[in-house]
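*Asks:* So the sequences go chain by chain: A and B. According to my numbering, the first sequence holds residues 1 to 380 in order. According to my numbering, the second sequence holds residues 1001 to 1294 in order.
In case anyone wonders, no lab produced these hints; they're calculated from the structure. In this text, all values refer to a predicted model and were calculated from it rather than measured experimentally. Hints may be right or wrong, so weigh each one.
[What the hints assert, rightly or not] Here are the in silico distance ranges between beta carbons for each label pair:
{"#": "1", "chain 1": "A", "residue 1": "R14", "chain 2": "B", "residue 2": "L1294", "range": "55 to 63 Å"}
{"#": "2", "chain 1": "A", "residue 1": "A135", "chain 2": "B", "residue 2": "Q1170", "range": "54 to 62 Å"}
{"#": "3", "chain 1": "A", "residue 1": "R14", "chain 2": "B", "residue 2": "P1076", "range": "18 to 26 Å"}
{"#": "4", "chain 1": "B", "residue 1": "K1043", "chain 2": "A", "residue 2": "P18", "range": "49 to 57 Å"}
{"#": "5", "chain 1": "A", "residue 1": "D145", "chain 2": "B", "residue 2": "P1041", "range": "26 to 34 Å"}
{"#": "6", "chain 1": "A", "residue 1": "G286", "chain 2": "B", "residue 2": "K1043", "range": "18 to 26 Å"}
{"#": "7", "chain 1": "B", "residue 1": "D1080", "chain 2": "A", "residue 2": "Y40", "range": "48 to 56 Å"}
{"#": "8", "chain 1": "A", "residue 1": "Q49", "chain 2": "B", "residue 2": "G1091", "range": "40 to 48 Å"}
{"#": "9", "chain 1": "B", "residue 1": "G1245", "chain 2": "A", "residue 2": "G272", "range": "21 to 29 Å"}
[Unchecked claim] Over 12 Å on every C-beta distance to chain A, these chain B residues come out as not near it, computed from the model:
{"#": "10", "residue": "T1017"}
{"#": "11", "residue": "N1040"}
{"#": "12", "residue": "K1043"}
{"#": "13", "residue": "A1063"}
{"#": "14", "residue": "T1067"}
{"#": "15", "residue": "A1088"}
{"#": "16", "residue": "G1089"}
{"#": "17", "residue": "G1172"}
{"#": "18", "residue": "D1201"}
{"#": "19", "residue": "R1205"}
{"#": "20", "residue": "S1230"}
{"#": "21", "residue": "A1272"}
{"#": "22", "residue": "L1286"}
{"#": "23", "residue": "A1288"}
[Unchecked claim] Partner residues aside, some chain B positions facing chain A, computed with beta carbon under 10 Å:
{"#": "24", "residue": "I1210"}
{"#": "25", "residue": "G1214"}
{"#": "26", "residue": "N1279"}
We put the beta carbon where it would ideally sit given N, CA and C, even for glycine.
What follows is the residue order along each chain.
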Amino acid sequence: MDLFEYQGKQFFARYGIPVSPGEAVETVDDAVAAAGRLGYPVVVKAQVQVGGRGKAGGIKLAGSTDEAREHASAILGMDIKGHVVRTLWIERASDIEAEYYASFTLDRSAKMHLGMLSAKGGVDIEEVAATDPDAIARIHVDPADGLSEEAARRWVEAAALDPRATEGAVAILRSLYTAYTEGDADLVEINPLILTPEGSVHALDAKVTLDENAAFRHEEWAEYEATQVMDERERMAREKGLNYIGLDGTVGIIGNGAGLVMATLDVVSQVGGTAANFLDVGGGAGADLLANAIEVINADQNVRAIFINIFGGITRCDEVATGIVEAVERVDLASPLVVRLDGTNAEEGRRILADNASDHVLTEPTMLAAARRAVELAGA
Amino acid sequence: MAIFVDDTTKVVYQGLTGSQGRFHGMRNRAYGTQVVAGTNPKKAGTDVEGVPIFGSVQEAVDATGATASCVFIPAPGVADAVIEAAEAGIGFVVVITEGVPAHDEAVFFNRLKRDFPATRLLGPNCPGIISPGKCNIGITPGEIALGGGPVGIVSRSGTLTYQALHELTQLGIGQTTCVGIGGDPVPGTSFVDCLEAFEADPDTRAVVMIGEIGGSAEEEAAAFIASSMSKPVVACIAGVTAPPGKKMGHAGAIVSGGKGTAEAKIEALQAAGCRLAKNPTEIGPLMAEVVATL
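Starting from the given sequences, assemble the full structure and let the hints guide the process.
*Replies:* Dropping the structure here:
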């Protein structure tokens, strides 16, 4: 789950990382009022989960009430790469002496955390990595040991920041590591991390991605949930506890297991079709979940055929079949279902489908045959 | 022969009293796995269809000589369960549970490496392991596997693992061991660990490897195959059509910043001399061709 900048800054502040004072607002009047409370000059920043908002005109400096009003009016409602701006972050402007970059994420090959720190901040770090890789100081942190002050200090020295920034940077990096681990983030990134002329260091931006698997121990994430950007189909699927990603094609896909669903998308494409979605009902899917999945796909106007591809392991095919039968009774199906069942209790599942035969429910013995049938029915 | 587990493996189930644990534990026992114990501190002294329940893994090991464990308990308790098994001297821990926080995985993986180097972890979020005819730990439907070799299987995806077993079995091609390493960001056992074990196993003469988008585990496997494997490998990568930036179910399955694409993985595996199946169904006929030349 990606956080907006203002949420990321609130998240950082909770772990003692200094950020500029600011307020999140949704109207022009509130923006002007917030600017008055914070004191001019302020920066008016579009809250969108996409890079390049500065270049798109989504970040402006305002030195007066008039300017704050003008920029807030222009930026609210602006479309930045398909993301409409609904929230602004109004922040007191900072004097900047130097801009740095700092982040933590998991290095999956090393199976350790990777910290990156660079004196070349404020720009795209992928660009720095490509053109000047030596400008990034990297550190591997063993998750079982954590980041010691000594290691953080050596790391800061390796990055060759302004010596005045050393103490502040060491403290912030250790807090950032705590925010990353205790806060269950997949990624924490500060770009830029700034040094002010007075010699203080603080976070001017915040990019945070949270690991949704850890939601059970973070009640405070409920507010982030509520502001998640997703299309109508995705919202409906999420409410029903389904792992769904909307795509643009005409064949609705339901499967169990991420790998199988990805392979199903691939096979549909190989036989000339286009997938309308990714939908993984996961392990142990029962009848109710299946019926919900069919309901979500059925609501997608683009869908012309639905391909249900189940290989039973922890999922039992008899329960899947029961779910399909239930869904057919409950939902007014707009498209035919092509079903392929194999694995745990597959024979029983096929028997249940056969006993409840309907024009809307077709079965095929293999994944490839079922994909061909579904694509044919979708008229692609 | 087989890798990691065989008919001498004695398994304790952490979470045998839960509905999933019981269903699959009993299926594993019916398959022939030595299911010797379950654990649940609140139900110690009871049994599940004759399998004794102990208060801790240590007690189960002391009483039954269990050598492996299979974890079915909910995600919040997995980190403690893994360390408990390792502390009790379990040599092979299989975690079926999905939805374990990545930070928990990163910590227990490295704690095992540092403090319990003799314990191998498989998973989390994996289907488990089956050495057909000998031992089945986890949720793989045993009836779709065929014993006797000569093919070993290693896969990141659960359901694609079954698919591969199914394709081979239908063509009468037997398997030595089939390992599902799971799709999470920090898998306890990697492709390379399994390829190394298959290379060393005299009964395994060819390998099926199933990968998916995200991370660089397939590229690392390709490097190992090129440098250290004499046995032929048939590979399949899922997610060719997955759009970048979208997490496809598995916490690990995401193409981001141009990294972890199916194309890059397919290219690396082809360069390493693997034969590539375009989809899971193709694994069967491709492996049949390979087996015919062995």
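*Asks:* Hint by hint, which ones does this structure get wrong, listed from lowest number up?
*Replies:* Of the numbered hints given earlier, the structure breaks none, since each of them holds.
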